[in-house]
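Asks: With my numbering applied, the sequence shown corresponds to residues 2 to 150, in that order.
I should point out that these hints are in silico values taken from the structure, not numbers from a laboratory. Take the hints with a grain of salt, since some may be wrong.
As the list claims (entries may be wrong) - Simulated restraints on C-beta separations: (1) Thr13 / Pro127: 24 to 32 Å; (2) Gly17 / Val41: 27 to 35 Å; (3) Thr44 / Arg129: 18 to 26 Å; (4) Glu120 / Gly39: 13 to 21 Å; (5) Asn73 / Pro127: 31 to 39 Å.
Fair warning: this is a prediction, and the values are worked out from it, not measured in the lab. C-beta atoms are modelled at their ideal positions from N, C-alpha and C, and glycine is treated no differently.
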Amino acid sequence: MMQPSGQASATTVPIGSDADLAWVRQQVRQCAAALGFGLVQQTKLVTAASELARNTLVHGGGGHAEITPLDNGRARGLRMSFVDSGPGIRDLELAMTDGYTSGGGLGLGLSGARRLVQEFSVDTEPGRGTTVTAVAWVTQVPASRSGLG
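Just need the whole structure built from these sequences, with the hints factored in.
Replies: Next up, the structure:
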């Protein structure tokens, strides 16, 4: 459904179980494909969404994802926001460091997701929860690199 601004409305996906993580990945892939993201870009978006959704579940105790198609008149994109009401992140700088984990993972969730998108932000405060937002824009392969020119 289109909003007056010309942007489609967000799809909200609850995150409360491992099954919900698969649903988030599916919704991101479908939306990215519909927006014209190439297969490599789709894979990056799905990977970022998977990492951020798992963080929402494991570290935030669950929450939801908002998947929003974007169109600014010059480019199409996808915004993914992951929201929880968990304990928040005490030391964001440390949490964004490769290899840091407060659980049993590899410590690549936040930092890895950040590398897979063009825009990335974290709004967190201890005791208040966390919102992580990632945005990617459809990029076109130059004709000279596509084999067409």
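Asks: A separate judgement is required for each hint: does it hold in the structure or not?
Replies: Consistency of the hints with the structure:
1. Thr13 / Pro127: 24 to 32 Å: 25 Å, holds
2. Gly17 / Val41: 27 to 35 Å: 31 Å, holds
3. Thr44 / Arg129: 18 to 26 Å: 33 Å, violated
4. Glu120 / Gly39: 13 to 21 Å: 18 Å, holds
5. Asn73 / Pro127: 31 to 39 Å: Given about 34 Å between the Cβ atoms, the range holds.
In this structure, the one hint that does not hold is number 3.
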